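These protein sequence lines are chains A and B, in that order. Numbered per the working numbering, the first sequence finishes at 454, counting up by one with no gaps. Numbered per the working numbering, the second sequence finishes at 591, counting up by one with no gaps.
Source of the hints: derived by calculation from the structure; they are not laboratory data. Careful, some of the hints might be misleading.
[What the hints assert, rightly or not] In silico DSSO-like links for lysine-lysine, alpha-carbon gap of 30 angstroms or less:
hint, chain 1, residue 1, chain 2, residue 2
1, A, K230, A, K78
2, A, K368, B, K588
3, B, K422, B, K462
4, B, K588, A, K78
5, A, K78, B, K422
6, A, K346, A, K368
These figures come from a predicted structure and were not determined experimentally.
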Amino acid sequence: MPGYNTISFRADRCTGCAQCMDACAQRHSEDGDRAHSRIHIVEGEREGSWELAMCRQCGDPQCVLECPAAALAKNALTGVIDWSAERCIGCLLCTVGCAYGGIVHDGLAGHVIKCDTCGGDPACVRACGEGALRYLTSARLYNEFGDREDLFVPGLAGCQGCNTELLMRHTLRRVGPQSVLATPPGCVPGMGSVGYNGFTGSKVPVFHPLLTNTASMLTGIKRHYKREGREITALALAGDGGAADVGFQSLSGAAERGEEILFIVIDNEGYMNTGMQRSGCTPYGAWTSTTPVGREAHGKTQDAKNLPLIMVSHRCEYVATASTAFMEDYYAKLERAIAASKRGFAYLHVYSPCTTGWRFPAQKNIEVARKAVETNFVMLWEYTPEAGLRLTHPVDHPRPIAEYVEAQGKYRHLDEEQLAHIQRHIEENVRLIRRFAEDPGVARLLAGHA
Amino acid sequence: MRHTHYLIVGASHAALSAIHAIRMTDAEHDITMVCRDGALPYSPTVLPYVVSGRSDPGSVFLRDEDWLRTSKVRFLSAHEVCRVDAAASVAELASGEAIHYEKLLVASGAAPVRPPIPGLDGVRYHVLRTLEDAFGLRKALERTERAVVLGAGLIGMHAAENLAHARASVTVVEREAQVLPAYFDREAAGLIEAAFVRAGVAMRTGCAVERVHSDGEGFTLALSDGSRVSGDLLLVGTGVVPVTGFLKGSPIEIDRGVLVDDQMRTNVGNVWAAGDVAQARGFFTPAKIVSGIVPYAVEQGRIAGMAMSGDPGLRAFCGTVPLNTYAFFGNHALSVGADLSGEDCEVVRRVEPGEGRYLKIVLRNGRLAGIFGINVEFDAGIMWELILREIDLAAVKRRFLDDPQATARSLMSKHWR
């Protein structure tokens, strides 16, 4: 079954103004009476809180099974549950099947009504000035990428809840079979992408360089193919340790020379597959096995270096940060990074929470990733020589940093002073990045593209 | 002998729901669906509308050939299972063919009961359970001036209304003192009856038929109050009974219907039953009951399908809650739950006879037991869920009684959004 576009509701943003209901009634009736609305905002349990009753266009819709007249059917193309006025006998059995108030009797019209998503341009979403209703179209990614060939073998053995497998598989699906993959020591080869028992773990040529020479080896391979007249994408999937610390010399060199490489760093803030040692990307205050917590020590005492910003000053064709909680943003950047890697060095830095090393429950990975962005702990931006630095997901009203650190065991020991330090560091970083974003010329000066 | 992994007897809501559930977990094993009817799957509920012409008989089918093919279902329509040898796991068809099965679902539904009224055999009468019945009734309507409907249950009432729409003069005769006794109390039934009377239907409740006399082309009924009713079309809608005849002689336990446990399994390990033929636990009563309504055909079919295919997501049947929706002459009536009485019950009613509006809410121990409405909007599915989940309404009682629809939607958001 493909993925479908959907109307999403954020109760915390709803003010109960009911403009969505009026817009719906106007779209679907002559008189615009609110009784014709297919979206229902109802007062929640607390005064001033609001909830939603409307059709969820269920994947396995009960109303369809209940209908004795074949008047309801899930549309395989749009995902909408279509209602046929011609077939409906008005028996109302569908209203028994729906536990969400999604298909209801309209007393004025004399038949049942339900959301039809206005054919893909929902009036309720347009009418909502609060951002409580949104029309999500990210399902197209699932459909598009689901149709492409998965170029990794089945059964990669990541930790439970790890999002890196998602990132690897979808990235290589998009980059495609005409590529050579380098995976330096880290979680990516650790989970089997390089191979085991004499087999490779991917369907494209893959190799396992040293931590120190990934970008150098890819340089040679890319140049070799180029000389042979073959068009390939030279792709690195590296960890932050291999990129920011041990491997930085070769990374910096390749970027500075403008090698045509797509270098993707999966930043989980440390050497997580070898036992969770700190790296240059480990943030201040974090517990790792080499920045322990005890009577004397209280986690890492230095701030993380801002590796993507450092890469901007290498005159790259493209630099961007991304997060697995914002996949539409990631895919858009991946497109641009692939294109840029045909002209020069393209660098993608993906913030990737580590369930094991950061100590949070396996099902919370995307939530932690989202909180990192929504608190401005990390920022999503991209740099191109033409446009300079641009925020792709500006967070103007960040959530309190406590929400982010409290979600992870590695910060459990933090005291007030450490928390204040982290807060200060975030604010400094926001000021710096925003300064670049406000004046594209500044970032281009930093990069050497001015 | 033919062999099949899943054998499904019947082809309506319960059977289709079971196949839907089976194919969620088991894409491969073969399914054979056997049905007496010669048509594609359809629902008996739609038939009164076929009679009146509201529904195009060509578009009432619940599934098409394409679905049968993609779901890998071999559909033996116009075939009847006449005997089941449970020990050998073999079903014998009327055609003489035999099918060996691994797992059997009895979803054979119900058939009209013939009331023991003297003289009934001497006249032509109609029932309404199959498309053939509907076509026959529709044809007979062309020559009908005076129709009489025996029985004021849902089948009889739907049929009476649609006969009236087809411009016949209609009389409804019901032995009980009110219409729809299973779902509404006297007062609500009175509002429904009044709508029928306004539409020109003669309502003769509290009247049993003592004898049927043949009367040339027509007939005359002698009623228990001494009066007589004549007509030229007689529709018998006095109820249905589960179709279990083909299980006679097998060890499968039958009371009114086929007795099943909370996974819809019969006392024979590889035989399940669901829908109008099944007799399963009640929600308000430990006794097993035949529910005979679409929502429970769907629910029981799903549970049976999940059990038969070994779906680990299976949860036990919660028991039957009486449910119904009923639309009549532009009005609508909803009945969800039971009209309980007792010390721990609280009943709230709001009736506006002039407006044709009626609402009755029954709470037991501060939880919803039943809600019954005529021309009052509330979400039947949400109310059903509130009953099944036994949600405590103490904190929102006043709000709930004042505005059950909005309050229930708010509770929905809290409990199962």
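Quick rundown of the hints versus the structure:
1. K230(A) - K78(A): violated (50 angstroms)
2. K368(A) - K588(B): holds (22 angstroms)
3. K422(B) - K462(B): Distance ~20 angstroms between K422(B) and K462(B) Cα, so the pair holds.
4. K588(B) - K78(A): The given pair, whose Cα atoms are some 27 angstroms apart, holds under the 30 angstroms limit.
5. K78(A) - K422(B): Given pair K78(A), K422(B) is violated - Cα atoms ~40 angstroms apart, limit 30 angstroms.
6. K346(A) - K368(A): Since the Cα atoms of K346(A) and K368(A) sit roughly 36 angstroms apart, the hinted pair is violated (cutoff 30 angstroms).
The earlier numbered hints that this structure contradicts are 1, 5, 6.
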